[in-house]
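Here the protein sequences line up with chains A and B, keeping their order. In this text, residue positions in the first sequence follow this note's numbering: the first is 1, and each later residue adds one. In this text, residue positions in the second sequence follow this note's numbering: the first is 251, and each later residue adds one.
Please note: incorrect hints may appear among the correct ones.
Claimed, not checked - Computed from the model, here is a short list of chain A residues facing chain B with C-beta under 7 Å: (1) E73; (2) A76; (3) G79; (4) L82; (5) I90; (6) P91; (7) V93; (8) T101; (9) E105.
Derived by calculation from the structure, the hints in this document are not laboratory data. This structure is a prediction, so every number in the text was calculated from the model and none was measured. Positions of the beta carbon are idealized from the N, C-alpha and C atoms, including for glycine.
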Amino acid sequence: MLKINNLHARVEDKEILKGINLTVNAGEVHAIMGPNGSGKSTLAAVIAGKEEFEVTEGEVFLEGENLEDTSPEDRAHKGIFLSFQYPVEIPGVSVTNFMKTAINESRKAKGLEDMPAKDMLKLIREKSEMLEIDRKFLSRSLNEGFSGGEKKRNEIFQMAMLEPKLAILDETDSGLDIDALRIVANGVNKLKSKDNAVIVITHYQRLLEYIVPDFVHVLHNGKIVKSGTKDLALELEEKGYDWLKQETVI
Amino acid sequence: MAYTEEELKKELETKEYEYGFYTDIESDTFPIGLNEEIVIAISKKKEEPEWMTLWRLESFKIWKEMVEPEWANVKYKKPDFQAISYYSAPNKKPKYDSLDEVDPELLDTFKKLGISLDEQKKLAGVAVDIVMDSVSVATTFKKTLAEKGIIFCSISEAIKEHPELVKKYIGSVVPQKDNFYAALNSAVFSDGSFCYIPKGVRCPMELSTYFRINQAGTGQFERTLVIADEGSYVSYLEGCTAPSRDENQLHAAVVELIALDDAEIKYSTVQNWFPGNKEGQGGVFNFVTKRGLCEKNAKISWTQVETGSAVTWKYPSCILKGDNSIGEFYSIAVTNNYQQADTGTKMIHLGKNTRSTIISKGISAGKSQNSYRGLVQVNSRADNARNFSQCDSLLMGNECGAHTFPYIEVKNKSAQIEHEATTSKIGEDQIFYCNQRGIDTEKAIALIVNGFSKEVLNKLPMEFAVEAQKLLEISLEGSVG
Numbered sequence: 001m002l003k004i005n006n007l008h009a010r011v012e013d014k015e016i017l018k019g020i021n022l023t024v025n026a027g028e029v030h031a032i033m034g035p036n037g038s039g040k041s042t043l044a045a046v047i048a049g050k051e052e053f054e055v056t057e058g059e060v061f062l063e064g065e066n067l068e069d070t071s072p073e074d075r076a077h078k079g080i081f082l083s084f085q086y087p088v089e090i091p092g093v094s095v096t097n098f099m100k101t102a103i104n105e106s107r108k109a110k111g112l113e114d115m116p117a118k119d120m121l122k123l124i125r126e127k128s129e130m131l132e133i134d135r136k137f138l139s140r141s142l143n144e145g146f147s148g149g150e151k152k153r154n155e156i157f158q159m160a161m162l163e164p165k166l167a168i169l170d171e172t173d174s175g176l177d178i179d180a181l182r183i184v185a186n187g188v189n190k191l192k193s194k195d196n197a198v199i200v201i202t203h204y205q206r207l208l209e210y211i212v213p214d215f216v217h218v219l220h221n222g223k224i225v226k227s228g229t230k231d232l233a234l235e236l237e238e239k240g241y242d243w244l245k246q247e248t249v250i
Numbered sequence: 251m252a253y254t255e256e257e258l259k260k261e262l263e264t265k266e267y268e269y270g271f272y273t274d275i276e277s278d279t280f281p282i283g284l285n286e287e288i289v290i291a292i293s294k295k296k297e298e299p300e301w302m303t304l305w306r307l308e309s310f311k312i313w314k315e316m317v318e319p320e321w322a323n324v325k326y327k328k329p330d331f332q333a334i335s336y337y338s339a340p341n342k343k344p345k346y347d348s349l350d351e352v353d354p355e356l357l358d359t360f361k362k363l364g365i366s367l368d369e370q371k372k373l374a375g376v377a378v379d380i381v382m383d384s385v386s387v388a389t390t391f392k393k394t395l396a397e398k399g400i401i402f403c404s405i406s407e408a409i410k411e412h413p414e415l416v417k418k419y420i421g422s423v424v425p426q427k428d429n430f431y432a433a434l435n436s437a438v439f440s441d442g443s444f445c446y447i448p449k450g451v452r453c454p455m456e457l458s459t460y461f462r463i464n465q466a467g468t469g470q471f472e473r474t475l476v477i478a479d480e481g482s483y484v485s486y487l488e489g490c491t492a493p494s495r496d497e498n499q500l501h502a503a504v505v506e507l508i509a510l511d512d513a514e515i516k517y518s519t520v521q522n523w524f525p526g527n528k529e530g531q532g533g534v535f536n537f538v539t540k541r542g543l544c545e546k547n548a549k550i551s552w553t554q555v556e557t558g559s560a561v562t563w564k565y566p567s568c569i570l571k572g573d574n575s576i577g578e579f580y581s582i583a584v585t586n587n588y589q590q591a592d593t594g595t596k597m598i599h600l601g602k603n604t605r606s607t608i609i610s611k612g613i614s615a616g617k618s619q620n621s622y623r624g625l626v627q628v629n630s631r632a633d634n635a636r637n638f639s640q641c642d643s644l645l646m647g648n649e650c651g652a653h654t655f656p657y658i659e660v661k662n663k664s665a666q667i668e669h670e671a672t673t674s675k676i677g678e679d680q681i682f683y684c685n686q687r688g689i690d691t692e693k694a695i696a697l698i699v700n701g702f703s704k705e706v707l708n709k710l711p712m713e714f715a716v717e718a719q720k721l722l723e724i725s726l727e728g729s730v731g
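Turn these sequences into a full structure, and let the hints steer you where they fit.
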């Protein structure tokens with residue numbers, strides 16, 4: 001599904017990613033953990049194609065295709081989805097309208113006609129029920145005045161609507177209370193299949209109790225310094241990151 | 251009527267002139283320059299009655315004494331008023347023989363706006379073989395309107411056919427001496443529309459499609475007069491979403507609305523005059539005076555979407571004379587490249603319990619400057635007047651400007667005035683968020699801008715709102731690199 005080779009990226013003069021190697025296969029859930037400033041969110045943004053970051057070395061492949069010259073929207077059309085740590089507000093644009101536009105733009109890119117209104121409504125009903133989202137919520141302006149939890153739930157709702165091949169959840173657990181966390185995690189679990197993959201970026205082990213990863217990677221100072229199974233997450237919870245930092249200095 | 255010596259002398263001069271000028275008048279375009287003879291010739295050409303000619307001459311006299319205003323936040327090279335031709339016969343001859351000869355960029359825009367092929371031809375000035383559709387629609391319209399006693403015709407026709415109405419109301423809301431451009435328009439107005447809705451009649455259709463069909467060749471000094479008699483209602487739509495590549499640089503229109511007791515006028519405008527090229531060369535100067543008068547319990551609502559013109563100077567206003575009258579102003583003004591707009595409204599509260607609402611959305615891109623200028627005035631006798639104003643500006647990029655100049659003058663303690671203003675910028679984060687959902691940058695901007703403008707777009711008649719939305723998209727194309 002996703003293959004990253006020796007990826008280096010910088011913003012302005014600051015190198016943030018310093019040689020990332022990662023392979024994610026269909027059907028897998030990978031967790032990326034690490035202390036603040038280790039490059040987790042940058043990795044997510046670079047995979048999504050944010051132009052602010054300059055890739056200086058290495059490649060990202062999606063299903064064998066090099067994404068080097070692919071725009072963020074084309075990456076989205078190819079099935080990459082990023083659940084933002086800080087979703088932006090777009091006043092005056094309802095959640096429904098935004099989703100309609102996103103879905104139809106993706107369809108257009110694939111040479112398909114707009115989705116008929118009837119199908120769109122059915123899809124919205126189905127997915128909002130799955131995520132226990134009040135329909136009134138969907139007519140509100142995108143993220144405007146949403147609570148932290150509502151914003152994150154809305155991200156997962158969009159993921160459900162767009163049915164991506166590769167979903168990257170950037171700190172989706174931050175700002176969620178335990179109930180919201182459960183709903184969001186349940187949603188993600190329901191969307192999981194043998195044909196798609198999920199990368200969960202998180203500080204804490206908490207989310208991983210609900211979305212159980214096949215692999216856990218620790219990112220530090222722009223590199224993956226340790227990979228393991230879900231037990232690694234438990235170990236990190238117990239010991240913190242310091243022991244890894246010391247290990248990598250050597 | 252006894253002539254004074256002065257008048258006699260003037261008439262003789264005129265006669266003399268008229269005679270010598272005759273062949274010139276026959277031609278389609280007058281020679282450049284402006285003087286009394288030209289004013290008289292325009293009136294003659296239009297076969298106007300004497301009172302109209304005199305009114306024009308009086309306006310011309312006033313205009314000569316006035317100076318061009320400079321207070322607006324716009325910079326431009328003042329037009330040379332003696333270098334303009336003040337009359338062009340409506341263009342009956344087609345400019346082109348087929349669509350192949352028309353600027354492909356213009357055709358592309360038509361296509362994006364979803365304008366039918368026949369209409370494209372008409373708008374671009376191409377000879378049309380079959381205009382059956384338009385003609386029959388117009389005829390059906392006219393019949394329906396006539397049954398209700400509604401008069402809807404050109405102002406020239408109204409001057410001849412309904413002189414009592416025109417004489418009574420023309421200049422009653424925008425006096426000749428109101429301002430420099432209004433005086434100029436009063437002297438030389440080419441044509442425009444006239445609309446009268448009789449007592450208690452609700453105009454059964456938007457006066458829009460009709461107007462659009464008649465759009466081609468309305469000329470540079472338009473004069474519009476809309477009178478809604480007691481208890482009547484009309485929704486009037488002016489302008490066209492299609493780009494108007496007019497060669498005339500200066501446009502100075504006057505629109506007067508009169509809403510008598512319990513009447514309501516809804517006046518919507520979409521203005522898309524040529525804004526000049528990307529380097530800021532060319533483009534129309536649009537200096538418009540629009541004002542409405544509300545009698546008791548009357549309501550006037552202005553809605554405008556302004557995307558065109560190099561320089562815009564325009565303040566659709568309401569004089570809330572009658573008690574309980576209501577004035578509304580909803581505006582979207584878009585400026586891109588080197589465009590400059592200084593636009594807003596005036597709400598003059600004279601009657602008791604008068605209310606006004608102002609919603610202004612300014613969108614600036616490129617190197618443009620966009621100013622909101624609004625006056626809320628509450629007279630000493632206007633007890634319990636209320637106003638709510640909201641002015642929002644949206645900026646794209648770092649080289650444009652948004653300015654807000656609110657003026658509030660209150661002479662009555664019972665008034666309640668609220669003013670809210672916001673300025674925001676389309677951020678890279680917003681764009682990336684949309685990109686990540688598969689929405690490209692152009693479309694993302696359109697989405698954000700439409701969301702920003704929603705409160706105003708919602709005020710437009712349905713079919714026009716859709717066109718206006720597309721127009722916003724097109725106007726801002728290429729504004730983010």
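Among the hints numbered above, which are violated by the structure, and what are their numbers in rising order?
-> Violated hint (a single one): 3; every other hint is consistent with the structure.
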